[in-house]
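Novice: Using the hints, build the complex out of the two chains.
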Amino acid sequence: MIEWNDDNLERYSRHIILEEVGIEGQEKLASSSVLIIGAGGLGSPIALYLAAAGVGKIGIVDFDAVDLSNLQRQVAHTTADIGKPKVISAKESMLAINPNIEVVAIEAAVDENNILPLIEPYDFVIDGTDNFAAKFLINDACVLVNKPYSHGGILRFSGQTMTIKPHESACYACAFDAPPPANSVPTCSTAGILGAVAGMLGTIQAAETLKYLLNIGAPASNKIVTFDVKNMRFQELKIAKNPKCRVCSDSATIKLGGYEQAVCDIKKD
Amino acid sequence: MTLTINEEKKEFADGLNISELLEVEGVQNPDMLSVIVNDSFVHKSIYKETGLKDGDSVTFLYFMGGGA
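As you go down the protein sequences, you meet chains A and B in turn.
The first sequence begins at 1 in the working numbering and counts up one residue at a time.
The second sequence begins at 270 in the working numbering and counts up one residue at a time.
Chain B extracted, bound-state conformation (with noise of 0.2 angstroms):
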């Protein structure tokens, strides 16, 4: 299935859960980040039962909390 991440357009194995997507992506801390699908904030409670489907949108939104 073709997802998108962030405004790019990648292939994935069918199927995948947003706790799979984050590993398959290589992101070591989920913590870090936050995730929506389609313009919906999604919990990081239910990743493992948030499944994807071809064409979904999926934003991954990295914590920044410098400033000073």
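Pulled out of the complex, with its shape left as it was, chain A reads as follows (with noise of 0.2 angstroms):
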């Protein structure tokens, strides 16, 4: 809970003065908890502005440490903290901003193993990795256990995201089934990406993570929202529940793992 006082007040007070979120909604984020994976490109972003915005827990998962190779877009991370886990480099900038918050610093590569135990404590689950294999299984993982998550993707200059409540809206794979063949899509270090693309996106999800917190407005659910920095165009493209859906239909039964990762993607970046 938050202790009312003056510090507090004027930390929040731009968050207290809107309408929809309130003394009510502050003490709501102060009581939830919200699971990030990947401490990357989108997990930075959104780790800062969760922490800011006084999300009571985050848990933060990353296998990673830091590479000079990251500074161009993981805000995260300061060039002291190379060589350093991410996971303990994020929580770090994270208390920085916001010292009242509880962050709890994860450093695993999630697997078929590990994923329900790490997201089952947590209201809310962020996807911000790297990989096909990793989204498919967070995605089937949610859909098992019902877990509402925020979907993340960018490339190049290009960024998309949904947001998923299993069973109710689409999920990942009704929207793109499985992942594609490996290595017929870059998702690597080779294909780039344009560093500010994953702060656009990253704060696009942590936007998403506070309505659904907060109970605001209407998610990003049944639906890509996708832009193109390049022509500056936002599009959002409808995508109903499928019924036959590998995943999160009726008939489905999910076994977890067994997402083979593209060859390039396990290299470290």
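A hint or two may mislead.
In silico lysine-lysine, BS3-like type, Cα no more than 27 angstroms apart, as pairs [stated by the list, open to error]:
no., chain 1, residue 1, chain 2, residue 2
1, A, Lys230, B, Lys322
2, A, Lys244, A, Lys165
3, A, Lys241, B, Lys313
Simulated coverage check for chain B against chain A, where a stretch passes if three residues somewhere in it have a Cβ under 8 angstroms from a Cβ of chain A [as the list claims (entries may be wrong)]:
no., region
4, 279 to 288
5, 291 to 298
6, 308 to 320
With the C-beta cut set under 8 angstroms, the calculated list includes, among others, these residues of chain A facing chain B [said to hold, decoys possible]:
no., residue
7, Asp130
8, Pro180
9, Ile193
No wet-lab data here; the hints were simulated from the structure.
Don't be surprised by glycine CBs; every beta carbon is placed ideally from N, CA and C.
Specialist: Structure, rendered in structure tokens:
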């Protein structure tokens, strides 16, 4: 719970004056929990904005250490953090912004064995991973235990996101079915990404998370919101729940794991 | 016939199937995207058998796997 002293009233004042947030909403954020999977290009802005917003408990999962090539976009890490586990570096940045929250740093790669215990304690999950095996695994696990989550994907100058409420709205597999054949779609360091694009999509995902926790407005559900920064074009592509979906239809049975990760994604970037 | 491709109306020859549409639209590798016709996901195994008709709305949804 938030202690409503002068500092906290001031810290959250721009939230509190929003009719849709107010004191009650800010308290709701303080008692909410979110798991961010990936502490990279998407995970960095997501982590910083959710920490700043006062989300009470934020888990962040990543197996990697900060590399010089990350710093062009992964704004939770600094030059001094090179070599440090990303989750530790991210945790330090988050607590530097807002020491009132709890950050749980989990140095691990998500896989079929750990994903359920990782996601279950949290109210909402965010996919900030960089490969299709992880993205489909997160979708499967969230559908399996009915956990709402935000899908995010970026490539070069483009981004896409969808907010998924399992069994209520379309899931990632309703739109994409299964991962593309290995190496048919560039996802790794060779494709490149304009750094600011990661920030744009990450902050959209952070906003979707806050909206979900506060029950504000309409989520980016049953549609993929996609943008192309080159032409600065935003689109909403409608996606209906697929009655034959491999993952979320009534007849589907989910077995976690078994997605092959493209060889180029396994290498450290 | 007129099709709406990702919110944009375009003219095409009558009787096109999805495979042909992808070719006409210059999609080099169909593995890079998912196709949705009138809100229904279409599996790539039936692109050739799935004919399109005037007024159909087609969405090309590109895979984006990045995040780090």
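Novice: Each hint needs a verdict: does it hold in this structure or not?
Specialist: Consistency of the hints with the structure:
1. A:Lys230 x B:Lys322: With a Cα-Cα distance of about 32 angstroms, the restraint between A:Lys230 and B:Lys322 is violated, given a limit of 27 angstroms.
2. A:Lys244 x A:Lys165: holds (17 angstroms)
3. A:Lys241 x B:Lys313: Judged against 27 angstroms, a Cα distance of about 18 angstroms means the pair holds.
4. 279 to 288: violated (count 0)
5. 291 to 298: That given contact is violated, which follows from only 1 residues of the region 291 to 298 of chain B lying within Cβ reach (below 8 angstroms) of chain A.
6. 308 to 320: holds (count 4)
7. Asp130: At about 4 angstroms, which falls below the 8 angstroms cut-off, the nearest Cβ of chain B leaves the hint on A:Asp130 intact, so it holds.
8. Pro180: holds (5 angstroms)
9. Ile193: Holds - the Cβ of A:Ile193 comes within 8 angstroms of chain B, reaching about 6 angstroms at its closest.
In summary, the numbered hints that this structure violates are 1, 4 and 5.
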